[in-house]
Amino acid sequence: MKTEIIKWTLRLLPALALLAAVSMASAAEAGGPGYAYGGITGKSGNCLDCHGNAKNIGDRYFIDPVKYEHTNHARIGCPACHDSIGGGHPGDQLVPAKAGCLECHGDTAEEYARTAHAAKAACNDCHNPHLVHAPNEISGQEMNRMCATCHNNEGMVAKHARWLPQADLHLGMLPCITCHTGSKNYVITLYIIKREGYKRNGEFKLAGHAELEKIAGAKGIRSMIDGNGDNYISLAELGLFNRNPAYKHLRLQGVLTPETVTHNFEILENRWDCTFCHASGPDAMQTSSIALPDKSGAFQRVAVEKGAVLDTLNGPPDFYLTGASRNASLNKIGLVIIAGGMVMPVGHGFLRFLTRKNRKGKEHQS
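Note that full-length UniProt numbering gives residue 225 to position 225 of the sequence shown, counting from 1, and the numbers run on in steps of one.
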């Protein structure tokens, strides 16, 4: 009996070996084991071998590996949304399945569904699923570019100018969501901007990673402002950056953004009132950070000393929030001027009061 089993086993070995070889060859041809799942790590490596090469895959299916690597979706990998792709892809000609945003973002979808936008714009009308970053990783300009796909900038300026003074300035310095979402608190985000073409009278534009990296050199972009490398920007460091002659073509631009970003877009009654921003008192708008670009196109934020951005001498030169911006030194100088101005009338009156008896008889004689 044992002899028969051994004989059958020996006869089957060549067939089993051939089957294994065919399987391995098929896997290799398709891009290796787990092709659709980016290898054993479950990420996107194998997918980007093809989709990260524009020459081979074409612009339509190209995914920039550098930009995609730093997105939120890269953390879960391609198969999280495209789970139908098998080992025969792309030769099997099957159209990959696409996960719906609601499968993961149900709460956001429910919130968005209650707005007027929901009937006219789907998620991917504003968000590219392969370039998704957290709200604190994108610039205010990028936020507004999403809105501008439907809302023409010139038209929006004209509408807001009916009631809003300097509407073009406000719309240029504020993301739309600052006024059209109901965050309880707001933060001031600083971006480095540069003169276009480094011309003396050139228009300022948002500075990119490559430009700033060239200026900063080996120390890195953060060292341009964070001089001591403690990952915290002090008021003194802001002043040094603003006065540094090497950065004469650069400037810090302050943008007011919601602390909590929502998809509940609406027209809020209290935004018609200028005092919502411009007379908020000395304790308002104290939280700020500097957003520094990285090579992926996202922004990494560094905390700034509380209230520093509202300092009129050392803060951003073009950011003045009426009702909130101030400077401690100027406050003291102003107090001295007021006190000095009061010395003469108060002192004169006080001396007259002390000498009133001496003047009594003389006044009658005169």
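No wet-lab data here; the hints were simulated from the structure.
Do not take every clue at face value.
Claimed, not checked - Here are the computed lysine-lysine pairs in the DSS-like style, where the Cα-Cα straight-line distance is at most 25 angstroms: (1) 205 x 248; (2) 205 x 219; (3) 205 x 120; (4) 295 x 248; (5) 159 x 67; (6) 120 x 67; (7) 219 x 295; (8) 248 x 214; (9) 205 x 194; (10) 295 x 194; (11) 194 x 248; (12) 67 x 214; (13) 194 x 159; (14) 295 x 55; (15) 67 x 55.
Hint by hint, here is what the structure shows:
1. With a C-alpha separation of about 14 angstroms, the suggested pair residue 205 and residue 248 falls inside the 25 angstroms cut-off, and the hint holds.
2. Between residue 205 and residue 219, the direct Cα distance comes to roughly 23 angstroms. Compliance with the 25 angstroms bound is thereby established for this hinted pair.
3. Restraint check for residue 205 and residue 120: the C-alpha separation of about 31 angstroms exceeds 25 angstroms, so the hint is violated.
4. Taken as a hint, the residue 295 and residue 248 pair is honoured in the structure, with Cα atoms around 24 angstroms apart against an allowance of 25 angstroms.
5. Taking the CA atoms of residue 159 and residue 67, the gap is about 36 angstroms. The hint is violated against a cut of 25 angstroms.
6. For a cut-off of 25 angstroms, the pair hint linking residue 120 to residue 67 is broken: about 28 angstroms separates their Cα positions.
7. Proximity of residue 219 to residue 295 is assessed by CA-CA distance (about 15 angstroms); at most 25 angstroms being required, the pair is judged to hold.
8. At roughly 15 angstroms between alpha-carbon atoms, residue 248 and residue 214 fall within 25 angstroms of each other, so this suggested pair holds.
9. The hinted pair formed by residue 205 and residue 194 meets the criterion: a straight-line CA distance of about 5 angstroms does not exceed 25 angstroms.
10. Pair hint residue 295 plus residue 194 holds up; C-alpha atoms about 18 angstroms apart against a cutoff of 25 angstroms.
11. For the hint linking residue 194 to residue 248, the alpha-carbon distance of about 9 angstroms falls within 25 angstroms, and the restraint holds.
12. Note on residue 67 and residue 214: the hinted pairing holds, with a Cα-Cα distance of about 20 angstroms set against a maximum of 25 angstroms.
13. Straight-line distance between C-alpha atoms of residue 194 and residue 159 comes to about 29 angstroms, which puts the hinted pair past the 25 angstroms bound.
14. For the hint pairing residue 295 with residue 55, the CA-to-CA distance comes to about 22 angstroms; that is within 25 angstroms, so the pair holds.
15. The hinted pair formed by residue 67 and residue 55 meets the criterion: a straight-line CA distance of about 17 angstroms does not exceed 25 angstroms.
Violated hints for the displayed structure, listed by number in ascending order: 3, 5, 6, 13.
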